[in-house]
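S.K.: The primary structure of each chain is shown beneath.
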Amino acid sequence: DTGVSQNPRHKITKRGQNVTFRCDPISEHNRLYWYRQTLGQGPEFLTYFQNEAQLEKSRLLSDRFSAERPKGSFSTLEIQRTEQGDSAMYLCASSHTGTGGDEQYFGPGTRLTVT
Amino acid sequence: KNQVEQSPQSLIILEGKNCTLQCNYTVSPFSNLRWYKQDTGRGPVSLTIMTFSENTKSNGRYTATLDADTKQSSLHITASQLSDSASYICVVSAPGGSQGNLIFGKGTKLSVKP
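If you read the protein sequences in the order shown, they are chains A and B. Counting in the working numbering, the first sequence runs from 47 upward without gaps. Counting in the working numbering, the second sequence runs from 770 upward without gaps.
This is chain A alone, in the form it adopts within the complex:
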């Protein structure tokens, strides 16, 4: 296993378009998290799943954002009607609540640019 992977690594889109990102967590990790990070800032929590259940959503997650983890493995984050303010790095992390003490391992991120 090579860690958390995210695709695409970069996405450029025009304002108003929809985009979808994918995250593949470390095998056997039951928790999966999404964060947003803008330049010069730390990551901001968006949402997390335990298995296929979405257990928490930040108030940052407007109704244009939706995340799914249908089979408890990979997850997708969709942004509808993108705005320039959505430009950011979107980070995914995974953890296991048993062994490893719920330590989060981050993926390389998807950098979104909305023009």
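It cannot be assumed that every hint is accurate.
Unchecked claim - Here are some chain A residues pointing at chain B (derived, C-beta under 8 Å):
id: 1; residue: P54
id: 2; residue: Q87
id: 3; residue: P154
No lab work stands behind these hints, which were simulated from the structure alone. Don't be surprised by glycine CBs; every beta carbon is placed ideally from N, CA and C.
Place chain B on chain A using the hints.
M.R.: Quick look at chain B alone, frame taken from chain A:
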């Protein structure tokens, strides 16, 4: 309000020198504190994690300290290398299980010059 403040915002040092990064937090109650290293354009990678009962933890040339009474932590880097150039993020978590309780600092951007 739960906050994590890091200083300095950025730092430039020469290769081989030591440096110390600071983290002050107001998170209460407190569960654990983590330091992450984030290379440009990459995701954060964990360096250390300390519970409130731990005072120091080392990971190679990285040594983190924690004073839970004053709510301060530091990350000391010894004999810096060019590959240490990155942002270092302090993260404090509160108990309760909610993942929204991970409070991230803005990071210190370290540049190591030859």
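S.K.: Take the hints in turn and mark each one as holding or not.
M.R.: Going down the list of hints, with the structure as the test:
Checking A/P54 against chain B: minimum C-beta separation of about 13 Å lies over 8 Å; hint violated. Annotation: interface hint on A/Q87 holds; nearest CB of chain B at approximately 5 Å, less than 8 Å. Because the beta carbon of A/P154 sits about 5 Å from the nearest beta carbon in chain B, less than 8 Å, this interface hint is met.
The structure fails to meet hint 1 from the earlier list, while all remaining hints are met.
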